[in-house]
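S.K.: Sequence:
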Amino acid sequence: MLTSSFIFLPGVGHTTERRWWDDGLLDWHMFLNQTSVSGLSASRKDWYDGELRTARQLADNSHFQSFATRLPRREHWRLYEVCRSRTVYLDIETTGAPPEQGDVTVVGLHRNGTTVSLVKEENLTIDRLQAELDACDMLVTFFGSVFDVPYLHAIFPRLRFPSLHFDLCFGARRLALRGGLKHIERELGIDRHSSIRNLDGFDAVRLWFGWRHGDVRARETLLNYNRADTENLVTLADRLYEDMALRFGPSSLSSSLQPAYVR
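Sequence positions in the sequence shown follow this note's numbering and run 18 to 280.
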């Protein structure tokens, strides 16, 4: 989807981009091979050609974070396929209070088939968390731009996140999928183990305090719950990307996504 995107060109919006797709200009290569484009002066065509060559060089060299400021934030999803091998899927649990009075209890991070659980007073440090984030080009969350990222910033003010962020909550809304993560999972047939299927964020708070008061089994349940939250983001991101590319991309666009992580 990245190389079919033209909306980062100055003065080009969704309407123009769609018109070019309908005219057969499906990607940067096709645009560059055209000597002229209807509605563009020769000088503007040359200007856009230069911008696209720069974009192609950035993409060829995997400098994907350079597109974070070129594309509107709501269009960062377009880079998901090319960034997927360097994407971190993140979900946090908290004590249930705002960050001024509360704290992060668990940070789940999944990338390249491996899930890491960073736990308060065990292995959750800013250095460890930063190392995980620095290894990636894209962040995937559910409602994380509103909750997870601001909360983590409040607890760890120096924490830096990847510039590219695919927030699945808002991607889902563009596809008319409403509700929280668990509701959308059910809508799409994404399942969880029966032991955690009916748990929610309030249960995560209860499990944390139960664990702190000596309930060893609560720790295992909490970590399993957070792991499911985190790992299911992979399946959901893959599904949403495919559906968004079909709905908002050129009609002939195909995807080469590998199968999602399966436990």
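Derived by calculation from the structure, the hints in this document are not laboratory data.
A few of these clues could be false.
Between beta-carbon pairs, the in silico distance windows are [stated by the list, open to error]:
1) MET47 - PHE219: 44 to 54 Å
2) PRO89 - ALA193: 14 to 24 Å
3) SER53 - GLY30: 19 to 29 Å
4) SER53 - PRO174: 33 to 43 Å
5) ALA193 - ASP40: 36 to 46 Å
6) ASN140 - ASP40: 49 to 59 Å
7) ASP39 - GLU117: 50 to 60 Å
8) ARG236 - ARG70: 31 to 41 Å
9) GLY119 - ARG214: 22 to 32 Å
10) PRO89 - ASN140: 18 to 28 Å
11) SER53 - ASP151: 38 to 48 Å
12) ARG236 - ARG90: 28 to 38 Å
13) THR52 - SER268: 19 to 29 Å
14) PRO115 - LEU49: 47 to 57 Å
Straight-line C-alpha distance at most 20 Å; calculated EDC-like pairs for lysine to aspartate or glutamate [claimed, not checked]:
15) LYS62 - ASP40
16) LYS199 - ASP255
17) LYS137 - GLU117
18) LYS199 - ASP217
19) LYS137 - GLU149
20) LYS62 - GLU92
21) LYS199 - ASP260
22) LYS199 - ASP220
23) LYS62 - ASP39
Just so it is clear, CB atoms sit at the ideal spot from N, CA and C, and this is done for glycine as well.
S.K.: So which of those numbered hints doesn't the model satisfy?
M.R.: 4, 5, 8, 10, 20
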